[in-house]
Amino acid sequence: MPNVGAELASVPFGKMIYDMASAIARSQVALDKASIQLVKVLANTTFDYVPDVVETLMPNPRQVKGSNGQPILNSNGDPIVVTGVLVQTDVGTSFPLTLLQAGVNPTFYAFTNSTIEVKMSISSTQESSNTFSAGVSVTASADFLFASGSVTSHVNFSAANKYSYSVTGSSSMSTTLAPVPPPKNMMPRFFLVNAMDPAKVTISQS
Amino acid sequence: MAMQMYMVAFNGDFSQAASRAVQHHLRQCNGFTLMVMKTGIIAAFDDGMVPIVQSHPDVKLVGGVTLSPNGFAADRLQRIFAENLARQLEVKAAE
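Quick note, the sequences are listed as chains W and E, same order. All residue numbers for the first sequence refer to our numbering, where the first residue is 1 and numbers rise by one. All residue numbers for the second sequence refer to our numbering, where the first residue is 1 and numbers rise by one.
Heads up, some of the hints might be wrong.
[Claimed, not checked] Label-pair restraints from in silico Cβ distances:
#1 K38/E / V118/W: 20 to 26 Å
#2 K162/W / Q54/E: 55 to 61 Å
#3 D197/W / D75/E: 20 to 26 Å
#4 P51/E / F13/W: 41 to 47 Å
Bear in mind the hints are in silico, worked out from the structure with no lab data behind them. Glycine included, each C-beta is placed from N, C-alpha and C at the ideal position.
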C-alpha cells in the first residue's frame, strides 16, 4: 500500500529552501553591488547648475515713427510716445552639481517574499480476480464376472492480481523583488551650511 | 511590465558618436531619453528591456534611479525630464 507520509518525507524541502535562500542571497549581493556602482556613477556625474536667472523689466519709452522714419505727431503736434519694455537678464554664476546632490537617487532592491510550493499526487490501484472450478465424474460398468469403475475429478484454480502505483510531483518557487529606499550607510550624507548671513550660520543635514 | 527611470552609464570616455548610438538603441527599445550627460543618459524604458539595453557595447551599467523631491535641483530636473519627454512623444490623431 502507498505510504503518503513516506513520499512526502522524501521531498528534499531542506535542500530546496537552502538552494532558494542561497540563490536569493547571491542575487541580493549582485543587486547591491550594482546599486553601489551606480552611486559612484551618480556621484561622479556633474553638470553646471545655474541657481537663478533674474529678469528685470524696465521702462523703455519710445516715439512712434512713420514709414519715412520721422516721428508721427498727434493733433497737438506732439510726438506719440509708447511705453516700451526693456528686459535686463542677469544669469547667476553657475556651479557644478552632482546628480546625487540634484536629487537622482539609485534604486535599491530587496527580496520581500519567497514561496516554495510542492504539489504531489499519489495514486494506487489494485485488482485481483480468482476463478475456481471443480468437477467429478464417476463411471461404473458391471458384467457377469467382471465389474469396473472409475472416478475422475478436476480442480481448476486461477488467480490474477494487478497492482499499479504512481507518484507525480511538481514544485514551483516564486519570489518578489521590490524597490526599497537606499540604505543610509550606502548613501553619502549631505550637509548644508547656510552662510548667507555670516551672523547666523546654520547647518542642516539631509 | 512597467516603465521605469534608469541611469545608463557609458562604457569608457564620452564620445558624441557613442552617446548617439546609445540614444538610438534606447529608441529602438521603445525608451525615452530624459537627460544626456557626459557619463551617461537618464532614460525611461520598460524594465523588461534592461538586458537588451545592457547588451549595447557602449553601455557599461544600467541601474534604476528615482528622483528625490528633497534633492537640490529635483524640481528643475523634473521639468527638464518632462520637456525632453514631450519632444519624443508621438501624439496620434483620434480615429
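A quick look at each hint next to the structure:
1. K38/E / V118/W: 20 to 26 Å: 52 Å, violated
2. K162/W / Q54/E: 55 to 61 Å: Holds - the Cβ-Cβ distance for K162/W and Q54/E, about 58 Å, lies within 55 to 61 Å.
3. D197/W / D75/E: 20 to 26 Å: 25 Å, holds
4. P51/E / F13/W: 41 to 47 Å: 32 Å, violated
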